[in-house]
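Produce the complete structure using the sequences and hints provided.
Protein chains: 4
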Amino acid sequence: MNTTETKNEATNTTSIDTSDELVTSADPHHPANLIPELCKGFYHLGWVTGTGGGISIRDDEKVYIAPSGVQKEKIHPSHIFVLPYPQEEPPLASKAHERTFLRKPVIPLKESACTPLFWAAFDLRNAYACIHTHSQHAVMATLLWPGKEWRVSGLEMIKGVRWGGVRKTMTYLDELVVPIIENTPEEEDLRHTMVEAMKEYPDAAAVLVRRHGVYVWGPTWESAKTQAECLDYLFELSVKMKQAGVDTDWRPTQG
Amino acid sequence: MNTTETKNEATNTTSIDTSDELVTSADPHHPANLIPELCKGFYHLGWVTGTGGGISIRDDEKVYIAPSGVQKEKIHPSHIFVLPYPQEEPPLASKAHERTFLRKPVIPLKESACTPLFWAAFDLRNAYACIHTHSQHAVMATLLWPGKEWRVSGLEMIKGVRWGGVRKTMTYLDELVVPIIENTPEEEDLRHTMVEAMKEYPDAAAVLVRRHGVYVWGPTWESAKTQAECLDYLFELSVKMKQAGVDTDWRPTQG
Amino acid sequence: MNTTETKNEATNTTSIDTSDELVTSADPHHPANLIPELCKGFYHLGWVTGTGGGISIRDDEKVYIAPSGVQKEKIHPSHIFVLPYPQEEPPLASKAHERTFLRKPVIPLKESACTPLFWAAFDLRNAYACIHTHSQHAVMATLLWPGKEWRVSGLEMIKGVRWGGVRKTMTYLDELVVPIIENTPEEEDLRHTMVEAMKEYPDAAAVLVRRHGVYVWGPTWESAKTQAECLDYLFELSVKMKQAGVDTDWRPTQG
Amino acid sequence: MNTTETKNEATNTTSIDTSDELVTSADPHHPANLIPELCKGFYHLGWVTGTGGGISIRDDEKVYIAPSGVQKEKIHPSHIFVLPYPQEEPPLASKAHERTFLRKPVIPLKESACTPLFWAAFDLRNAYACIHTHSQHAVMATLLWPGKEWRVSGLEMIKGVRWGGVRKTMTYLDELVVPIIENTPEEEDLRHTMVEAMKEYPDAAAVLVRRHGVYVWGPTWESAKTQAECLDYLFELSVKMKQAGVDTDWRPTQG
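Residue numbers (the working numbering), protein chains in the order written: chain A, 91 to 345; chain B, 91 to 345; chain C, 91 to 345; chain D, 91 to 345.
What you were told as hints is all true, and nothing was included just to trick you.
The list makes no distinction among identical chains, and a pair is therefore deemed to hold if it is satisfied within one copy or across any two copies.
In silico EDC-like cross-links for lysine to aspartate or glutamate, where the CA-CA straight-line distance does not exceed 20 angstroms:
hint: 1; residue 1: K332; residue 2: E265
hint: 2; residue 1: K200; residue 2: E312
hint: 3; residue 1: K289; residue 2: E239
hint: 4; residue 1: K258; residue 2: E276
hint: 5; residue 1: K130; residue 2: E312
hint: 6; residue 1: K200; residue 2: E178
hint: 7; residue 1: K200; residue 2: D110
hint: 8; residue 1: K258; residue 2: E278
hint: 9; residue 1: K289; residue 2: D279
hint: 10; residue 1: K238; residue 2: D337
hint: 11; residue 1: K152; residue 2: E179
hint: 12; residue 1: K164; residue 2: E127
hint: 13; residue 1: K164; residue 2: D117
hint: 14; residue 1: K152; residue 2: D213
hint: 15; residue 1: K152; residue 2: E188
hint: 16; residue 1: K130; residue 2: E163
Quick caveat, the hints were computed from the structure, so don't treat them as lab data.
Printed below as a string of structure tokens:
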């Protein structure tokens, strides 16, 4: 796992590969090409404006992650971080730079603050991609569902979501439940409650963060993306329904 | 009709053409080129996010259909299925693979689950294109019109819709009525009630599916698309009107 | 004025120029290039979906008009009609084909049904461009302002609108008034009431058509387009304000 | 500072450089290339429709400003004005053409009416970019917060905004306060109250103008843009929250 670097020290500068080899490919489906393209699409959906949100893709034994605090619609492949997988997340109190990297951008950037959250999806769900959005539809859902869960049923779009985000797709007869965790001042500090929520809700395909956004994952980047679209559609529709006085808990019965 | 294949058996692998010949053309108006381009446009209208929805085009004795469960904004012509027309839809209890194909993608894909619904529009209305959307405007219309019909009148955009979807265009004086059928767990199972609704409402240009979306068709792909646009506009506007307390049943009178 | 044609007869086929000469130019600002490009932009604003709406541009002694009933985001320069200006509009009861043309598309298309309305803006306001949209914001404005006028004041965007659509720009202190006429079954039949409204409201930059849309014009295509944008913004904002209980009649006073 | 011109007189025509040298560059990050590209993006966000709004970028000792009254999505680098920085703004009663320019477009254009407002951000905050939008979300925020401040707290997106627009980023625990000033008939006349508001609110990252829009700035164009996105997101979300009866003043507490 440490073939291209030695354990990076607090100085964070010794021996990390900053060449573009791991992020250069003519294949449009290479994660270093996909992340910029997908983030651009997310920007135009209003999911990652103002540098927030993004996507991480896992490919064999590598994880590709975008930088923190950059315009997500203008990422260049050379900005992408590559980390070996698996590796243990640093303890909460530690510094992010105690992570192990296979490759870092040569310009001074920090990996996304969502890294420990993406990692939770890889570790607990065996996901290969995880998306974080600041979609206003997700935020409004957390405000109009003040408890610890957002629930809907009886909507066709539920069929596009997978049990636990990675198993078989749900049916029209199933109730979709997404746990809602409370926001924390530091994104990293969401890790503990997100892990707890994922364990308490093993069937959940996502975790909503109140006043913040949502994390969605899948067995492939395509699946993570289409599930994120279905969930965002359902967050938006459920808010409209609630505001129009339409029951969001209506349950269909087997034909 | 069976020139390029023998009747496909339950194994579904014998003798089906998987070459790209039937879906390769330099003509941008070839159905195998139109379907990807139109679906991309529908994606940006919010009609087919999360792999849902799509369009099928009939051209002489062939029907072109997109695969099920793929990102509709990223369809490649080589993903398109070609079926001979006419052919009887398999009975409801049968498997989809009992259909006859002229061409299938070489990669393992299944034809759209909307196939029997598209077929209903071809058979009952002699349509040459049929569009299915998951537009939230259509879904909201089915929730705010809880009965078996959505109705509006007195709106200019009605003039863009055709009687029965395929005959002459309606006038500003006409009331537009679209039947609403109840959703079913399996898309295929909508066929029976959709056919019944189309027979009960011979003048209807579309069928709404409650909590799900809408099917719209036309004598050409251009007409199906522009009618889908007019109807979606009217679903959206009628929801806004109802929420603003504006009468959606106001009837104009002849000048 | 009749250099390239003889008076066209009821048969409408004799001697009309159908060559592409008058609609072929490498200049992106040639009206035959501008109309397709602008209509594409209008489509993505939701102004001309479902074939409705469009723009006509007048250039010296020629008027360029798009066809009726086509997808407005896919117009080709060769689809454009060219008419000599000035010419009298045919009397209301007459057929549209009694107009004089300098050039018609070779494929069987009819000039936009908005032609007599565009002409009103050219004749009464000496406009050089006229835009017609089916924007839902315009329609909602006509539904929430049930009288014969839509009025707003105290909004910065008013400064982007011209007195009468063609004179000097309005100020922040001015009240913006747009007359609303009732819709008619045939678009052509709007001409009489639109002309009356334009005469009754010489300062109005546009005419709203209830349950239908709006006509906006300007001394140039740039001005018609930016005024249409300002007005659409104001229709949308005024509807939001009214629905939020905010006074739309608030009047600023001189510094 | 006056190397390429002599002090321009009331005639405003003597010796001003109108060559394209200062606005021609192959570097996409040159301000004369950035301004057109960014304004195009702002247009599609609904921030600068109808010629309103824009961005000014300061680069070393030069300030780049777009013209007034042009379609902001169609600016050409040759339309950009270049002014030396620093220079004193002309007194309020004076004419705009008493400013000093390094370069003017050869076609008759006037620099943006926002110039004295952009200048305030450069002078008072040492900003290097300033954005002005007519976003309806900003306007609605000024209408639903009728006092002299718009305030929100407890929303993740606050973390994308900087103290004073140029210092360190805010935290999730901080309350975001933006002063609201009253609109004036002439944009230039906003300068006095905007300067006062910036002095009274040294921590504010923006100034809202009631019934008009917002001014946002940053230490770089990237920062001004992402802060403008965060603020616009928060204006929109806060309006939705207020209309849904959700408390916009909820304060999170430390861990």
